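Chemist: Chains A and B, in that order, give the protein sequences.
Residue 199 in the working numbering is what sits at position 199 of the first sequence, and the numbering runs on without skipping anything.
Going from the second sequence to the working numbering is simple: count from 1 and add 1000.
Since the hints were derived computationally from the structure, they do not count as laboratory data.
Remember, it's a predicted structure, so these values are computed and weren't measured experimentally.
Don't take every hint at face value.
[What the hints assert, rightly or not] Simulated crosslink set (DSS-like; lysine-lysine; CA at most 30 Å straight-line):
(1) A/238 with B/1285
(2) B/1409 with A/69
(3) B/1077 with A/238
(4) B/1139 with B/1120
(5) A/238 with B/1409
(6) B/1360 with B/1124
(7) B/1124 with A/238
(8) A/69 with B/1120
[To be verified] Label-pair distances were calculated between CB atoms; the ranges are:
(9) A/277 with B/1125: 55 to 65 Å
(10) B/1045 with A/179: 43 to 53 Å
(11) B/1084 with A/18: 23 to 33 Å
(12) A/114 with B/1165: 27 to 37 Å
(13) A/114 with B/1053: 30 to 40 Å
(14) A/46 with B/1187: 52 to 62 Å
(15) B/1080 with A/167: 33 to 43 Å
(16) B/1053 with A/220: 52 to 62 Å
(17) B/1264 with A/104: 31 to 41 Å
[Unchecked claim] Only part of the chain B face toward chain A is listed, based on derived beta-carbon distances under 7 Å:
(18) 1105
(19) 1265
(20) 1270
C-beta: ideal position from N, C-alpha, C; glycine also.
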Amino acid sequence: MGGPRFIKNQVYGWLLLMPAATLLVAFTHYPAVATLLQSFFSSGTARRPSKFVGLDNYAYMLEDPVFWKVLTNNLWYAVGTIPTSVAIAILMALWVNERLPLRGVVRMAYFTPTVLPMIAVANIWLFFYSPDIGLLDQVTRVFGFHSQNWLGDPDTVLACIIVMTVWKEAGFFMIFYLAALQSLPHELEEAGRLEGASRWYFFWRVTFPLLMPTTLFVLINAVINSFKLVDHLFILTKGGPDNASSLLLYYIYEVAFSFFDQSYASTLTVVLLLLLALIAVGKFTALDKRIHYR
Amino acid sequence: MFRIIRNTAFGAAVALVGLAATATADAKTELTMYYPVAVGGPLTEVVDKLVADFEAENPDIDVNAIYAGNYNDARIKALAALKSGEPAQLAVMFSIDIYELIEQDAIIAFDDIVSSEEDKAWLKGFYPALMENGITDDKTWGIPFQRSTIVMYYNKDAFREAGLDPENPPQTWDELASMGKKLVKKAGDGTVERWGAMIPSTGYPYWMFGALTKQNGQVLMSGDGATTFFDAPATIEALEYWKGLGSEMGVMPEGTIEWGTLRQNFLEGKTAIMWHSTGNLTAVKDNASFDFGVAMLPSKVSRGTPTGGGNFYIFKDTSEAEQQAALKLIKFLTQPERTAEWSIKTGYIGTRPDAYETDKLKNYVVEFPPAAVARDQLEFATAELSTYQTGRVRKLLDDAIQAALTGSKSPTEALTEAQKAADGLLRRYR
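Excised from the complex, chain B in its bound form (with noise of 0.2 Å):
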């Protein structure tokens, strides 16, 4: 309420101003937008300094900037908003929202409003796999900005009490198996005090198993968000293996690992390896109390994870002027020096080389290695699961891979079965 009280004061005084300045003071653009947030730490803060520092720089331009809670609130008022007549002008929202707001005809293309050819170089200055989400049919719907990638955490002191080199995570699926039998630590009665590696399986089982298919070669959705491949024979060997790393070789525990207390586990030394977002990275960099590392993910065909997080979005339902100012935002927002800082606030990937350019990013990077590990682990990425009905089929996915970790289902059966059940949802959009 006083945010609004104070911009709409703010913006009255200068539009007084400006009137009195030129008596052809154009009108001032206004725009709103939805932002959600996903970690820990004020990035509101952050985010309300980001827009005050572009509307000093732009005048006539006048930025609403809406904290909206998750990505899935987000998404909700936005579309709330956009149905009720009053419409934000762009929003950031959840990369995987892409074809739910095409589908809602809610959006429009980057292609269609970029015209110069300094607009044009800006759009392709992003990292290509932080773009493929944001990318169908040929078309760009959405700029990368509050990105991640899955990365591995290990407890050093862990290594070293198993006679492993601490300089040298496993890079293989069978490393990561023959490793981590060494790390598990039993007590004199069996009980396990420390397991070897935990993946966690509930919150975002398919993203952490995008990962695993990656590593096999095998991506889960075709480009066109219309097919999935849940069945093909490197998806279900995937699942094989996340199963038995807990039901044969004994590195994870079995049934589901928990999202949210993974962490405190790792941190508590209860597991000596962790897979988790780069989000994270903060967090245990402030609390861990051991020696710890941030590696890529380990290779089987090749190495891989997918992206995650929020991409910016601009309206259909807006003037051409309020595109031009949303554009300008945008950019303003991605530009390296920007890209950096927030980077280094939030501990995102910097959504474009030349953010690692800067002397800001390279001494950070110098000062803290492991910030980078996400940055180079993008050559190896892919898109993050989402295809149309997105919702539902992820949900399919996440409860197969349950299924299978539990035990109730073979991965061959559940997969396949989840498969079925996607054809049937996404049949009409081929």
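Just chain A, same shape as in the assembly (with noise of 0.2 Å):
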């Protein structure tokens, strides 16, 4: 202990610690701190320079009303989206998993709305919705309804952005679950076969219990990229009407670049981390206590 070589050793540890530690501090420590630091003072101009203020900005977002409704938004975002999205991608997996002819074009057809660069595939999905000339009102005309407005209605807009997710996200978590599926031992389905055990028993009671790492990892992802989208919203709505489709990402942007409001943005962004953090700490250790792991 204390030796030189001691010394030599720490002095080399760190040395191949500092790259990694120096971007994390200069990237994700130091900025968390400074916007918590920020969320104390108001936002300063050339003119009005800017002061502490205590938690001003936290009695501000409290009474107001657009954080409430980007709030309960992402809430329903986040209900509508991630079971749905988990459900499909099992599905899909289990389906591709296997054997089935040109199975390697479904698998990449499942997986296509990931790699597409959203900006382009959220345009694509204006014209979808568009009333009169958009494919959803071309394909329901068929069936007799009526031109419906989707993303003008404060009543669908909300829906019409869950289906988009899902749409995108479920081919993404299918490759997880398709990896968690081929690396399952094939004795246990033969074992299950010999049993006599149905399908629907065998997924319930095997397939599905040793794909819960997998499941937790990919709620957790949902979770966070349920508080993650900007894009979609910048293409096809904006947020509105009314609000009716934003999200406290989206309006974390619009008060920091829209209105210049960097302290009020960092409220909410603290705002957000909180979430964040909370939801990740009820998930290991409310979950994780039932997860098998092998």
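Dock chain one against chain two, each of which comes alone in its own frame, and use the hints as you go.
Modeler: Here it is in structure tokens:
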């Protein structure tokens, strides 16, 4: 202990860590702390320098109807996207895990939404949803439905965003389930068949529990993604009409770069960080115990 | 990157030649200019060429014209450059950014740098309506460059089909409603195949609404940018009319109408009339498969439209030589000949009456009369909504308009709430 060799090792170790540590501090920890500090100050301009305001920004937030609106939207958005996209991902993975003709093509088709540039895709969906000229209306018209203004109606706009997200996410999650399925031992399936287990029983009692670690990973990703959506909103709705489709991160963007209110944007960011931290902690403590790791 | 190398190489070459020619050569003045592009077409090439012409004429000034994305990006980049201590000398930014820039103490007024009589005359040579967004506190802060108005595009074939005179588009609100009803075409089962008119209500609802309120004799804000008139009776009446076109008269679809797909709707004949920026003129001209017309917006009390688009600004953190060089560049780019060329290539309005006196633009207008509609409408134009805290105030109005159009609040209720919130934001600027 304390010898020159120890010091040399310490220096060597820290030098090895330095590149990663520098990046981590510069781009993760410093901004997080700076954001927290900024949320206690008012936004400054050249004419009105920023000053310490304590919890004023938080008080404003609690009274801001748009904040509550986007938070509620975000909740519905998470409820709408996560279970559906995970369920569809499992179904698709089971399907393309079988021996079927053109398996590669089907897998690729399911994965395509993930690799496409989302801004371009959102532009295409904009035309799908467009009243009269849109694909959706052209299809429903065949069945005698009247034209519907999908993105212009506060009652349908969030559902439209949810459908598009599910379409995009399911293929991505499928890849993880597919990898997990392929690592499952074949003997289990043979044993199940010998014992006369039905496919449903086998899936529910054997496959699904074995997929739980993947499910946890996917769920955390899905939750984070549900708070990360900005790009589609830009193209499709700009959060409208009347904030009906605005989500928390989009609102933060708006406050920071359209309103130039960096303090309030920081305040909202702190709330977002807290929310995500809570969810992650909850997930790991509650779910981890019930997961079987091999 | 290549451009930087090229410019540097070019600059170095010019400097060497300059040094060789005269031992007393002054140091070159370097200008950095940010500019956005907000409409289609290869506009960066046009700007590069204009700048090259200027450099040829002024060998002692070096201009770095940097394309900076859309209006929002351009403002963010210019302000970020300012904070980082590497400021640009001038920029083209949204005409409505003026209060934000003043609040950040970023720009200087043109009145403080023009000295000669000639410069003062130049400053007075622009269309007054286009100057409105650039003037506050009795000072001129922005010079019009890429500017537009809203115009009414209409499908002449649809007018003929509905038994209307294609050379007589609606002149008033009542005519827009009555003609609009005649233009609606329904299929046997009652579904609408073609709407009478569409006014977009996403993207820039406050802009369209500025037209309706001006037509009803009301502007949206005071000249000092510290008071809004969202709950004035004429403002509320304008929103009731807009909503009524959809919910009562059946001329427009209900709910909001998408800015981004509206042009396609018009081109596919799904609406007989659309209100849109004159910036779409070239695209409609190139893609319409039917006979179309362009007209001024209709009137209630008077005609009216807000102007839109970008102005030149000069930054405060610059030396006097740089300010004079920037002024020279702006004067160069707003000369009648170049303004005419810019207008033809882009569809933007010629910002000065004398641009329309040039042979170039005169001939173009004769050959393609819709090109003159936006200019003629300038007589009835007003400033675009712009206040202190402008992003927030604008969003309050956008949300109110959308809430009324989608039926979640009445126009009176929505606008009264918006006004109350705007008062709260603007009180400390009065």
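Chemist: Mind listing which of the numbered hints don't hold for this structure, in increasing order?
Modeler: Of the numbered hints, 7, 8, 12, 13 do not hold.
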